[in-house]
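S.K.: Starting from the known structure of chain A, arrange chain B on it as the hints suggest.
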Amino acid sequence: MATDALRAQVASKWQESFARLNHNEPGIVGLLNFTQAWNIARECIRPRGLDEPDSFTQYDKSTFQASFELLNKSRRLPILLESLLEDMRKRFPVIKEEVDRYTLEYERTSDTSFILNLVFRLLKWYKKWLPMQELGATLHSAFVLSFQTHLFSVLTPTFVRGFKDLCASTLPSTDPRTNVPAPNVEMWQAFEILGLLDRYENIIASVGYEHIEAHVVAACSGRWSNPMLGQLRKWMTDKVVPWMLLMYARNATTADDARAMLQNVGSRFDFHMAKTLCDLRTKEIFDIIIDYPDSSGALQDLKECLHRVDQRASLVHTLRKANQKRLLHPGADTRLILTQYVATIKCLRVVDPPGVLLFKVADPIRRYLRERPDTIRCIVSNLVGDDDSGDSLVDESEPIQPLQQYELDDYLDSNWEPEPVDAGPDFRANKPSDVISTLVSIYDSRDLFVKELQLLLAQRLLAIIDDDTEKVEKERRNVEILKIRFGEAALQICEVMLKDMTDSKRIDGHVQSQKASIVHPIILSKQFWPMLEATEIVMPGQFRTLQDEYAKEFSAFKPDKKLRWLPHLGTVHLVLHLEDRIVEVDVPPLEAAFIELFSQQDVWTMDELIAKVGSSVDGTAALKALLTWVDLGVLKEQAENTFRLLEVAESAADGAREWRTVTKSVIELPSAPSLQQQQAEQMRVYWKFIEGMLTNLGSLSLDRIQAMLKLAPGYDQTIEQLGIFMEAARLEELVVVRDGMWKLTPK
Amino acid sequence: MEQVTSSLAPPRASAPNKSGPASSSQSGAGSVTKRLGNELMTLMMSSSPGISAFPKTDSNLFDWIGTIEGASGTVYAGLTFRISIHFPPNYPYVAMAIKFETPCYHPNVDINTGSICLDILQDKWSAVYSVQTILISLQSLLGEPNNASPLNNDAAAIWDNQEAFKVQLMRYYRPLKDDTA
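Sequences listed follow chains A and B, in order.
Quick note on our numbering: the first sequence kicks off at 1 and runs consecutively.
Quick note on our numbering: the second sequence kicks off at 748 and runs consecutively.
One chain only, chain A, in its complex shape (with noise of 0.2 Å):
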């Protein structure tokens, strides 16, 4: 039957668990034994409130140890471990309540010494519960195993808050002056007990990592002479390592132990504040750059936390947005876009000297000032140390040296070295050259530069007055110097122009010689000089007959060449003798050709006058050069556009103050025509060209008028450049175009 061997089987068990625990006692002894036993266990291991005395104090030791190899004998500590658990359980809400109370206090004052009390309090619990070691390892582990759990489980965010919150108070303050608060080993001593610290780690790092931060943009912060990183390394030490030492070379025994212990969590700090230090500079760049060369500390210092972080494409991406937000605008100077971009290459070089990350900046920057209509005028003038142009972009000590052309790769070179990791293909790797390279480099033909610095010259020269030799002199040196970067051919013009200058002097002085004359013209050869602005004056009067008669004595001097006279870039010194006064000025021929006009008649409208003097003068200029008579009290507005010599002066007290006044009216710089309108100039040459092509061979597609022009000397445009041409003729219905085929527009 199967309640017989139910029954049988239920009488085994009970017999055997009845032997195991009465240990072949007679009677029930054992079991009496064992039950006194489990009950002494239980209750020197039980929970007990703070305030309960120490198992200790009720029984001895031995008794402890008695009772526990008993149940150990009737294998029964793990049920007995069970128990102690379920207890603890039980009991943990008292532990629960204390701390909801500690955190709310917190909460409410947010004053960390309720935390600190609050752990204190806690290790009292702890250790009030902690089973004796003598108990064995098994019980101890598994009761810290379970405390910590439930300790955890209770523990509120305003907690972990609170934790920080109390590590931080324990760091050095970044106020140098305070000390450094006195290291509190208890606390850390109870944090490890309880196991927060395992728990919390990554919290205290980034308490560490908020401290050095904040260290670091306080130091730190628009401190650019000197390289700050050496002294923040030192404060690390100072400073940081003794806390870090008490949370993570804890068990430390001696002082190398310890720096095994904090080696890596060491370099990650240190990794820390090399970033931080790095994101700083890096937010900071563009203003470092301003700075340069007072800012050469920060650059040593990016340098060190670029190789320690990787944060260059951070660096190119925040220098890059600065320069589009700050730098390439139209509110901002062309020369002042060129100086940052010079600093910027020398800042970069430092940073970086193979010079990926210039490259990577630099490529907007060029292209931006590649639209720049200024850009080469503002070089070039540079390049000739322009006086009135501030300081120069050159360093005075670089070594002036030719212009260095792109080298192919040398595959000789021995100290070949592979391009960087991050290098764009269309990285260059430039050997470091001058910064006048690089700039002429934004171009990518030099002749540009020619073609200004000749314009330049021209200017200049033009408006030396007076046979200023010395001037004179400081161009030639100019040229000189720039033949050097330059080359020799390149320069060959300006060479001529210089020549001229010198040539000028000789034959006026042989003509002078033959006749005397108050002219002294300079003579340019046309094919050398710019294309100088032609306003066709024709001088009235003496003017004329001087004119005449100097380029007489020059035809017999050199019978070959012709003058061909460009009045307007010309001054003259003029005496009028009127009735009551003498007025001396040095004057432009303008206002000379029409005070000569008023020799013949006393009342003149500007009209008349311009008739006069050729009709290529415009209204605007020839009021102008009437208002500085005005100005001189020579002439007199009487109606509108109707001028009147005043003979005598209009006012005795006027005509006092003027008389014999020596009157320097300020003679504007010739100008000569820029760049831009001598391309327009050009272009009309290249219309007639687009014109015959079209006349004769009908219809043509814009890239056989661009193939044609090629016949057209001198030609230079893309084919954009004509597009754009062709438009604009199309829109002053010169040509048509129907399918891209332009014609003319029919008669």
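Rather than coming from a laboratory, the hints here were simulated on the basis of the structure.
Note that the coordinates shown come from a computational prediction; the quantities given were computed from them, not determined experimentally.
Careful, some of the hints might be misleading.
Dumping the calculated DSSO-like pairs for lysine-lysine here, alpha-carbon to alpha-carbon at most 27 Å [said to hold, decoys possible]:
1. B:K846 with A:K743
2. A:K90 with A:K127
3. A:K562 with A:K612
4. A:K164 with A:K239
5. A:K471 with A:K483
6. A:K688 with B:K846
7. A:K499 with A:K515
8. A:K451 with A:K474
9. A:K526 with B:K781
10. A:K636 with A:K624
11. B:K846 with B:K871
12. B:K781 with A:K688
13. A:K552 with A:K526
14. B:K781 with A:K561
15. A:K526 with A:K471
16. A:K562 with A:K526
17. A:K688 with A:K451
18. A:K710 with B:K781
19. B:K781 with A:K451
20. A:K474 with A:K526
21. A:K710 with A:K743
M.R.: Chain B alone, transformed into the frame defined by chain A:
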């Protein structure tokens, strides 16, 4: 050398080669190109009304196309004639070959082939003439034919009757088409 010359010279075999031996050297061809370039420049920059010419392609300067408008006051007024100009390799020592592409009813022009009878294009040629002078001469030839040596006898015969001449002229004349290129 032959190859160089032939590549520069136009491939048109029909063009009458009056130059005799095509023995110009490479430098000779270069200087011819230079001269033609200069003539083109001069022609473009001068503004002679009613005459114009331009190379057919940018690669070959020896073949040009020209346009002549009849001078006002003549029977040709308002008409535009297209001509072809071919330069020999030894230009300017030998005159260029010019013919009318647009049929031109004129005493000194062959109505079928377009060839022109003009003394300065033949025995009176001189190296100082240029495309521009020749074109101007042609323009004036239209209004003042040389009836003494006609190529087109019919035209010479009715020249004096301008009304009848105009009718004949217009019978042959074809206005220019745009898409010649």
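S.K.: Now look at each hint and say whether the structure bears it out.
M.R.: Going through the hints against the structure:
| no. | hint | in the structure |
| --- | --- | --- |
| 1 | B:K846 with A:K743 | 24 Å, holds |
| 2 | A:K90 with A:K127 | 17 Å, holds |
| 3 | A:K562 with A:K612 | 24 Å, holds |
| 4 | A:K164 with A:K239 | 18 Å, holds |
| 5 | A:K471 with A:K483 | 18 Å, holds |
| 6 | A:K688 with B:K846 | 24 Å, holds |
| 7 | A:K499 with A:K515 | 24 Å, holds |
| 8 | A:K451 with A:K474 | 20 Å, holds |
| 9 | A:K526 with B:K781 | 23 Å, holds |
| 10 | A:K636 with A:K624 | 13 Å, holds |
| 11 | B:K846 with B:K871 | 17 Å, holds |
| 12 | B:K781 with A:K688 | 19 Å, holds |
| 13 | A:K552 with A:K526 | 19 Å, holds |
| 14 | B:K781 with A:K561 | 26 Å, holds |
| 15 | A:K526 with A:K471 | 22 Å, holds |
| 16 | A:K562 with A:K526 | 11 Å, holds |
| 17 | A:K688 with A:K451 | 24 Å, holds |
| 18 | A:K710 with B:K781 | 13 Å, holds |
| 19 | B:K781 with A:K451 | 25 Å, holds |
| 20 | A:K474 with A:K526 | 23 Å, holds |
| 21 | A:K710 with A:K743 | 19 Å, holds |
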